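*Asks:* Starting from the given sequences, assemble the full structure and let the hints guide the process.
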Amino acid sequence: MAQTVGEFLLRRLVAWGVRRVYAYPGDGINGIVGAFHRVPDLRFIQVRHEEMAAFMACAHAKFAGEVGVCLATSGPGAIHLLNGLYDAKLDHQPVVAIVGQTDRAALGGHYQQEVDLVTLFKDVAHEYVHMASSPAQIRHLIDRAFRIARAERTVTCVIVPKDVQEMDAVEQPPHAHGTVHTGLGYCSPRVVPKEEDLRRAADVLNAGKRVAMLIGQGALGAAPEVARVAEILGCGVAKALLGKAALPDDLPWVTGSIGLLGTKPSWEMMANCDTLFVVGSSFPYPEFLPEEGQARGVQIDIDGRMLGLRYPMELNLIGDSAETLRALIPYLKLKTDRSWRRRLEESVADWWKVLEARAMNDADPLNPQRVYWELSPRLPDRCILTADSGTSANWFARDIKIREGMMASVSGTLATMGPAMPYAVAAKFAFPDRPVVALVGDGAMQMNGLNVLITVAKYWREWKDPRLVVLVLNNHDLNMVTWELRAMSGDPKLEASQTLPDFPYAAYAEALGLYGVRIDRPDQVARTWDEAFQVDRPVVVEAVTDPEVPPLPPHITVKQARMLTSALLRGDPGARGIIRQAYRDMIEGWIPHRG
13 MAQTVGEFLL RRLVAWGVRR VYAYPGDGIN GIVGAFHRVP DLRFIQVRHE EMAAFMACAH
73 AKFAGEVGVC LATSGPGAIH LLNGLYDAKL DHQPVVAIVG QTDRAALGGH YQQEVDLVTL
133 FKDVAHEYVH MASSPAQIRH LIDRAFRIAR AERTVTCVIV PKDVQEMDAV EQPPHAHGTV
193 HTGLGYCSPR VVPKEEDLRR AADVLNAGKR VAMLIGQGAL GAAPEVARVA EILGCGVAKA
253 LLGKAALPDD LPWVTGSIGL LGTKPSWEMM ANCDTLFVVG SSFPYPEFLP EEGQARGVQI
313 DIDGRMLGLR YPMELNLIGD SAETLRALIP YLKLKTDRSW RRRLEESVAD WWKVLEARAM
373 NDADPLNPQR VYWELSPRLP DRCILTADSG TSANWFARDI KIREGMMASV SGTLATMGPA
433 MPYAVAAKFA FPDRPVVALV GDGAMQMNGL NVLITVAKYW REWKDPRLVV LVLNNHDLNM
493 VTWELRAMSG DPKLEASQTL PDFPYAAYAE ALGLYGVRID RPDQVARTWD EAFQVDRPVV
553 VEAVTDPEVP PLPPHITVKQ ARMLTSALLR GDPGARGIIR QAYRDMIEGW IPHRG
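For the sequence shown, our numbering gives the first residue as 13, with consecutive numbering after it.
Treat each hint with caution, since some may be false.
Heads up, simulated DSSO-like pairs for lysine-lysine below, C-alpha to C-alpha not over 30 Å straight-line [stated by the list, open to error]:
(1) K206 / K221
(2) K347 / K221
(3) K221 / K413
(4) K571 / K470
(5) K476 / K413
(6) K365 / K206
(7) K365 / K221
(8) K571 / K365
(9) K413 / K365
(10) K206 / K413
(11) K345 / K221
(12) K347 / K365
Just so you know, the hints here were simulated from the structure itself, not pulled from any lab data.
Owing to the predicted nature of the structure, the values given are computational and were not obtained by experimental measurement.
*Replies:* Rendered as structure tokens:
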């Protein structure tokens, strides 16, 4: 029996090193789905929704450092992929999407489920999106999709009409004019700036007396080099959210996250520095960076398009972070005046005391900060953390101390709701021997996390380490948007928009054969975390938390204070709790916390 296009396509994926495809079936890809029977080295991982398949492919790329692959049927299935694919595109992750299409003979005939897929994917996969019209194209379409996804760190898409999937494969096109002959493999280049540019960058950094470093996901894998540079320059290091796992938080000069979810030490460092050194980050918010003209600047990024984008830098160096820092270090001079470093370290030490004090403040019924604070020291070594968008990301950014060997990620640039659960599942498939923790708000859990739990129930028994612990913050509120309404628009909470229905998350987990526990008292928190990491199956910890605990920014502007006051005066239903909790948390920021 001749090999079909569907089978050849799957075998080509295997040749590119793919071992699993995140997918949902449909008749538009039957010729590919049926071929999985004949390709035992490739697994079809069944998700509950195509958006989850794309999120999982993105997470695979983030955690495993490999190309993630998702598969969807024509029409509605293809459309469902888009949000997860945009997550990958905006966070610069290599993902290949394979989608079905209506039979070629029906195209242009307003046929059922006929969608112009090339146009649909032209933005999210703009570097490479093509539809196969002949079996002879499959080899070079797949090869180019993978190579371009790797080279450009982006999303690519291959569209295969249903009738083409079932044709006889052309494994090697004829040696003739008008054919394309591609091969396998991609070797990452060594990208380092020219020596003269490294010297110029070093001159800027050596001249600075108060250097601030900001690192992002581009610094993942460059921890020793970042630490060495920080030691030489006597600076502190702030971390964009995607770079949270790039350096451990127990280093005394790591100022933590930056931005609305950031820390006071990061804010103070940026407000007072005279030199800004950005490594592998496109952190977007200028109000949390030095004012233009305040600081001289140097930036390193592998993508020249992202240089000089957030701050007018003197030197923009195109290069791999680790390689470039190693090449730069010989030109840097050790700063003998360590007063700036000591000032930053004192600020960091005091900030951790502030966070602990805030976490221990009473709330009704439970302070979400405490849930995260008590979790942090109990996280297993080498665990992988995922956090959803919203206040779940806020407390993750501030209260979780990343240790060496951990991994973590969020939807960074797209900041979409719903990725934490599919990210966690992909992390378990990529590293079945490592514990995984997903930190999720009730909004995201209701949006798609409950369905992803069904996927967890389907597969968890095959994971070597069954520990996948899911925290759900049950506060009956789309909390981050509620606070944005208050602090940015001056509008009170609109209950019709913001209030969520209650749902028994822990009981639902139990119904699926998982382990569930519900907590609503402070004395339950520590022992629940101790218990969760001892259970022999995935766990859902449902924490009933107070929605009026404010996710305070590191610096409250006059405008933000005015807007919040306006919301309270206009009859916000949570006004009394907001005033109580905001006062408590602000007080903790003002009182010196010296141990």
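*Asks:* Indicate, hint by hint, whether the structure satisfies it.
*Replies:* Each hint tested on the structure:
no. : hint        : verdict
1   : K206 / K221 : holds (25 Å)
2   : K347 / K221 : holds (8 Å)
3   : K221 / K413 : holds (29 Å)
4   : K571 / K470 : violated (49 Å)
5   : K476 / K413 : holds (26 Å)
6   : K365 / K206 : violated (44 Å)
7   : K365 / K221 : holds (28 Å)
8   : K571 / K365 : holds (28 Å)
9   : K413 / K365 : holds (13 Å)
10  : K206 / K413 : violated (37 Å)
11  : K345 / K221 : holds (12 Å)
12  : K347 / K365 : holds (29 Å)
Of the numbered hints given earlier, the model fails hints 4, 6 and 10; all others are met.
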